[in-house]
Structure formats: structure tokens, C-alpha cells
Amino acid sequence: MDDIRVLVIDDEEELVTTLVERLAMRGLQADWCTSGPEALQRLEQRHYDAVVLDLKLPGISGLELQRRIQQAHPGVKTLLMTGQGGVEEELARLPGGAAPDIREVLYKPVNIQVLVDKIRTAVKG
Amino acid sequence: MASEQFRNSHPAEEKPSPEDRHRYHRLWRYSVLLMAVVSLTPLIIMTIISNQQYQKALQEEMRYPVSQLLANTSRSLESVIDVHKHALTLVVHEKPRDDLWSKDGLASTFTTLNRIFGGFVDLGLVDSQGNQVFYVGPYNLEGNNYNNQPWFHEVALREVYVSDVFMGYRNFPHFVIAAKHVLPDGDFYVLRATIDMELLNRQIRSLDLGPSSDVFLINRSGILQTNSRYHGALLQKAALPLPDHPQGMRTLVEFASGDRAGFLSYAPIERSPFVLILVHHPQDLMQIWSTVRNNPLRFLAGSSVLILLVVLGSSTYMVNRIRLADTRRARILHNLEYTNKMASIGRLAAGVAHEINNPISIINEKAGLLKDIVDSSDQFTQREKVLALVNSMLHSVERCSAVTHRLLGFARRMEAHIETLDLEMLLKEVVGFLGREPEHRNITIKFDAPPNFPTIESDRGQLQQVFLNIVNNALSATQNGGWIQFALQEPDDYSVAVTICDSGAGIAPEDLKHIFEPFFSTKGEFGTGLGLSITREIVDKLGGSITVESRQGEGTCFTVILPKARI
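Those sequence lines, one after another, are chains A and B.
Sequential numbering of the first sequence, starting at 1, is according to the working numbering.
Sequential numbering of the second sequence, starting at 1, is according to the working numbering.
These are calculated hints, taken from the structure and not from any lab test.
Be aware that a few hints might be false.
[Unchecked claim] The list that follows gives simulated cross-link-like pairs (lysine-lysine, PhoX-like), each with its CA atoms no further than 25 Å apart:
no.: 1; chain 1: B; residue 1: K371; chain 2: A; residue 2: K118
no.: 2; chain 1: B; residue 1: K366; chain 2: A; residue 2: K56
no.: 3; chain 1: B; residue 1: K95; chain 2: B; residue 2: K85
no.: 4; chain 1: B; residue 1: K366; chain 2: A; residue 2: K118
no.: 5; chain 1: B; residue 1: K513; chain 2: B; residue 2: K341
no.: 6; chain 1: B; residue 1: K341; chain 2: B; residue 2: K366
no.: 7; chain 1: A; residue 1: K118; chain 2: A; residue 2: K56
no.: 8; chain 1: B; residue 1: K564; chain 2: B; residue 2: K541
[Claimed, not checked] Non-contacting residues of chain B with respect to chain A, defined by C-beta distances greater than 12 Å in every case (computed):
no.: 9; residue: A57
no.: 10; residue: A107
no.: 11; residue: N145
no.: 12; residue: S361
no.: 13; residue: K428
no.: 14; residue: R436
Even glycine gets a Cβ: it sits at the ideal position worked out from N, Cα and C.
Take these sequences, add in the hints, and give me the full structure.
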């Protein structure tokens with residue numbers, strides 16, 4: 001068991017709970033939440049190495065949330081998880097400077113092993 | 001080989017339908033007709049008007065010499081007759097009765113008259129009973145009684161009389177001039193002279209007209225007084241439409257009677273019963289006229305031919321331009337419609353894919369967790385069976401996921417990321433994506449690339465997707481032990497062609513028309529029907545074109561033509 005702590009944010013509770021449980025089975029310390037404000041609250045409470053966040057969240061977009069996380073906690077690595085297509089191209093199209101520091105974009109449904117590997121790579125560089 | 005061209009392939013570029021052809025042909029006909037009428041009508045009208053003007057002017061021009069001739073001749077004839085008439089009148093009035101009333105006296109008068117005036121054939125003295133008392137001349141007419149002759153009655157009524165030409169006792173044509181002298185006792189006598197017709201004929205002959213023209217004298221009733229070339233014999237009614245009592249001179253009256261036609265001119269000879277007639281045959285007069293008329297007609301014909309050629313040429317050109325413009329517009333409209341359709345389908349597909357991805361993710365994670373749990377537990381009964389079930393679920397999720405990702409890929413409208421590419425290397429990468437499948441199935445992959453093949457500027461990721469789609473199709477169509485061949489060519493200076501052929505089953509001609517349409521698939525439940533439509537859209541976006549040729553049972557060739565440089 002390594003000491004990577006990750007917060008998974010997705011509005012589908014069924015999905016996020018299961019995902020967290022599976023990440024835990026693979027040695028990551030994973031927590032979950034289903035909304036942006038809750039995520040920011042959690043990040044205030046304790047340190048996380050990485051966040052895995054859905055692009056589409058109720059009330060706040062994944063990108064906006066990412067921007068806030070980046071501001072408040074610059075060391076946290078972000079991985080994007082999405083059911084939409086072409087997100088990488090969308091990100092590339094954002095004007096320079098506004099591009100968020102997103103380490104990886106994963107398309108749903110994600111392969112658990114791929115996700116684990118990407119998180120480890122993102123955190124450990 | 002059944003072949004379906006999809007070079008910027010759109011049905012609007014197909015050949016025009018028969019209705020369309022008919023429509024354009026009708027347009028062409030209207031255009032030709034309208035332009036021809038508009039340009040030829042004024043020309044024809046002008047030619048007609050100018051012809052009429054010309055004819056009129058020419059007739060005026062011709063009329064003048066004819067009227068001169070007629071006037072001069074009629075005056076000459078008039079004066080010849082007048083001179084003789086006056087001479088006779090003078091003699092009958094001035095010579096004492098006794099000087100005339102003897103054969104010698106009459107003979108001496110005859111000699112004098114003939115010497116001074118000429119043209120007298122004979123001379124006779126007739127008493128008031130119509131008896132020719134004395135006669136000087138070549139015939140023996142002394143003692144003849146003229147009481148029943150019309151001329152005698154005329155001269156008895158008037159002072160002096162000029163007769164028509166008649167045969168008389170002498171049985172040859174002549175005319176007489178008679179002058180009356182009334183004695184103090186009321187009795188009268190008449191001096192009658194026969195005038196040589198040669199006197200008038202000489203005048204007429206001197207006119208010397210063309211061989212088809214005719215000149216002669218008639219009397220006021222239309223009886224010929226001299227011989228005529230074409231219009232009847234002496235003392236016959238002239239075969240001409242003449243006015244009953246011609247008054248004054250008329251020139252160039254057009255006439256047509258029987259088989260003859262021409263221009264009639266006439267002038268009554270004053271103080272005589274004669275009318276001078278001049279007949280011009282049209283040929284003589286019309287020689288100039290026909291030249292003058294034919295020149296504009298020739299010009300009209302030449303111009304008409306030229307105008308018609310120009311009209312035909314310009315109409316054809318115009319209709320062709322319209323047809324081209326129509327085709328271009330139809331193609332643009334069709335493209336627009338097609339793009340709209342694609343965009344709608346894309347939006348729908350993206351929405352569906354996104355909505356499905358979330359529940360699929362949940363199934364994926366739940367089944368994954370189940371598998372994790374079973375995997376980590378050794379004492380789980382029926383472990384194998386559960387694992388098999390879970391794997392089947394996960395496999396189905398993967399299939400679903402493949403569909404949704406293709407839908408999302410189809411929906412994407414991404415900007416091309418252009419870089420310089422080595423196509424051979426790119427194709428080898430694509431083959432690399434296939435993994436070991438070709439090897440397992442004993443399918444030979446061949447490359448046919450000329451050395452120093454040029455690099456191109458295009459989008460790596462999108463081209464990979466294009467070729468992967470085609471190669472995947474080729475792989476699924478090819479039997480074990482078959483082959484797939486890549487060939488690189490340079491069709492021209494600006495583009496390269498990648499041909500991917502397989503030894504597969506081929507595509508049915510009816511399917512070939514539809515393979516680039518979205519949701520068309522020949523793979524039954526295994527295909528999304530999006531691969532080739534995405535492929536074509538990407539190729540279009542990259543400025544290229546894609547064509548396919550296929551023969552059932554022999555194989556299929558896709559050719560992708562790409563610009564060397566980004567346009």
C-alpha cells in the first residue's frame with residue numbers, strides 16, 4: 001500500500017463509490033464526493049495528492065472546479081474523467097494561459113488499471 | 001469492375017435527368033428564337049422598306065427618260081399631222097375654187113404640197129354629195145362616192161378631220177385628212193388627202209427601243225393603227241389593258257395581261273385620233289432594278305446566316321453557363337444539406353453517447369468490483385462461473401463503449417493539427433495498431449512505396465483514424481491467408497494517393513453506393529455504420545478525396561488522395 005491519497009468527484013454516486021472501492025483495493029487511499037463545493041471542503045480538511053474529476057458536475061463545471069482547486073492547492077494533480085468526446089481538443093483550443101493543468105483525460109467507461117497507472121504517473125511524475 | 005466514385009462525392013453531380021435536359025433544351029430554343037426574331041426582324045423590315053424606296057426612286061428615275069421620249073415623240077407626231085392638216089386647211093380655204101376645181105389645178109396643188117410637206121399619197125376633191133369629183137394619185141378613185149364613209153360625215157360636221165387608219169377602197173392601211181370649205185351659197189366641198197403611214201412609222205421607228213419593247217399607235221377605241229411587235233396586228237384590238245378614253249400622258253403603268261407583263265406608257269396625240277403607246281418589257285427595265293434589289297437581298301441572306309451563327313453560338317454558351325451555374329448551386333445546396341444532416345446526426349450521436357456512457361460506466365465499475373471481489377476471494381464457490389459471467393458483462397460494456405466512442409468521434413468537429421508527415425511511416429504505425437491479428441490469421445501486409453516519396457502536411461491523428469478505419473474494414477473482409485496491400489503514388493505535383501487493396505469478399509454494387517453514408521453497415525450487428533462516413537468526412541476536411549472500387553469475390557480498393565500541402 002502506497003501513500004497516494006486521491007479524491008474522486010462525480011455526480012453519479014453509484015459510480016463514484018464503486019470506483020473508490022476498487023481504487024482502494026489497488027492500494028490507493030481514495031475518498032469520494034458528488035459536488036464541487038463538497039470537493040473544495042474536503043480539500044480544505046486534508047491533503048490530497050490527486051483529484052479525479054468528472055467534466056460535468058451539477059452547479060459548477062469540472063474545468064471551473066479544477067481552476068479553483070489549482071488556485072487553492074497548487075500541488076494537487078488533476079485527472080479529468082468524461083463521458084463526452086473531443087475534450088482534449090477542446091482544452092487545446094482554450095486561449096494560452098487559461099489552459100488548466102490537467103495531467104490526463106480519461107474517457108468513460110475507464111479501465112481501472114489504466115486509471116490507477118495514470119494516477120500514479122501523475123503523482124510521482 | 002463495379003466502381004463508385006466518391007471524389008467529393010455527392011449525388012448532385014450525377015448526370016442531368018432527361019427532364020433537366022429537356023428543360024435546358026427548351027431554354028436554348030426560346031433563347032435562339034427570341035434572339036433571332038429580335039435581331040432579324042428589324043433587318044428584314046429595313047431591307048423591305050429600303051427595297052421599296054429603291055424601287056420607287058428607281059421608277060422615278062426611269063420614268064423621266066420614258067416621259068421625255070414619249071412627250072417628244074408624241075409632239076413630233078402631232079406636228080407632222082398638224083402640218084399636213086394646216087397645209088390642207090390653208091389650201092382649201094385660200095385657193096380659189098376654180099384653181100382646185102380641175103384635174104390640172106388639183107394636180108398642181110398636190111405637187112406643191114408634196115414638194116413642200118411631203119407624205120401626201122393622193123389628193124381628192126369631194127363635193128357635198130360625197131362624190132370624188134377630181135382625184136390625183138396612184139389609184140383610180142375618181143368618181144368614188146364617200147357619202148357612206150364615216151370620215152365624210154365627220155368632215156361635213158366639222159371644218160377639218162383626221163381619220164383613223166382604215167383599209168377603205170384601196171385595201172391597205174391609210175388615214176386621211178379632210179378639210180371642208182363652205183361656199184357663200186351654203187354648198188361645200190372637201191379637200192381630202194391620203195397620208196402616207198410611213199410618215200408616222202418613220203417617227204416611231206426612230207425611237208430604236210430594245211428588242212423586247214414595243215411602240216405603236218392606237219386610236220381612241222384601242223384599235224391598232226400601226227403594226228405592233230407583240231400586241232396584235234394592224235386594225236385589231238390591242239391586247240393590252242388600256243383605259244377607254246386616255247386623257248393626258250401616263251408613264252410606266254405596270255400591267256399584266258395573259259402571258260405578258262410589263263410597263264405601259266401612253267400619250268394621246270392631240271388633235272388626232274391617235275394614242276402613242278410605249279410598252280417596256282420588264283426585263284429591259286428591271287435589269288438595273290433586279291441588280292439593285294438583289295444586292296440588299298444577298299446582304300440580308302449573308303447577315304442572317306452570320307446572325308444565326310452568333311445567336312446559336314451565344315445561346316449554347318449561355319445555356320451551358322446557366323446549366324453549370326445550376327449544377328454548382330445544386331451541389332452547394334446539397335453539400336449544405338448534407339453538412340446540416342451530418343451536424344444534426346452528430347449532435348444527436350454525441351448526446352446519446354454521453355448519456356449512455358454514464359450508466360455503462362456504472363455497470364463497468366460494478367462488474368469490475370464484482371470481479372475484483374471474486375478474484376481476491378479463494379473460497380468463493382462457483383468462482384469460475386461468476387468470473388465467466390462478469391467477463392461477459394465487461395466484454396459487452398467494451399462493445400457498448402466502442403460504439404459510443406465511435407459516435408463521439410463522429411460528432412467531433414475538431415480543428416486539424418497540421419504537421420509534416422512521412423506517409424509510409426504513418427501507415428506502418430497504423431498497421432502496428434492492428435496488433436498480432438494479421439499474423440495470427442496469416443494475412444500478408446505488403447507495402448509498395450517508391451523511394452524518396454514526398455512528405456505531406458496533414459493531421460497525424462486524423463489520418464491515423466482514416467487509415468485505421470479502412471484497414472480494419474479490409475482485415476474483417478479478408479479471409480485467413482489473404483493479403484492487404486498499401487501503395488503510395490503521386491498522381492500529380494500537388495497530391496499523393498494512398499491505395500489500400502485487399503483480397504477480401506468485395507462489396508455488392510448496391511451497397512457500394514451507400515458505404516460512405518452514416519449508419520450504413522454490412523457487418524450486421526457488429527458494425528456501427530459510422531467508420532467510413534467519419535473517414536470520408538475527415539478526408540474531406542483535410543482537403544482530399546476518397547474513392548472506392550470493388551468487385552465481389554475479388555476484393556476492394558480504397559484510394560485516398562491527399563494534398564501535399566495544406567490548402
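Consistency of the hints with the structure:
| no. | hint | in the structure |
| --- | --- | --- |
| 1 | K371(B) to K118(A) | 21 Å, holds |
| 2 | K366(B) to K56(A) | 21 Å, holds |
| 3 | K95(B) to K85(B) | 15 Å, holds |
| 4 | K366(B) to K118(A) | 21 Å, holds |
| 5 | K513(B) to K341(B) | 18 Å, holds |
| 6 | K341(B) to K366(B) | 37 Å, violated |
| 7 | K118(A) to K56(A) | 20 Å, holds |
| 8 | K564(B) to K541(B) | 14 Å, holds |
| 9 | A57 | 87 Å, holds |
| 10 | A107 | 145 Å, holds |
| 11 | N145 | 143 Å, holds |
| 12 | S361 | 4 Å, violated |
| 13 | K428 | 24 Å, holds |
| 14 | R436 | 20 Å, holds |
Violated hints, in rising order: 6, 12; the structure is consistent with all others.
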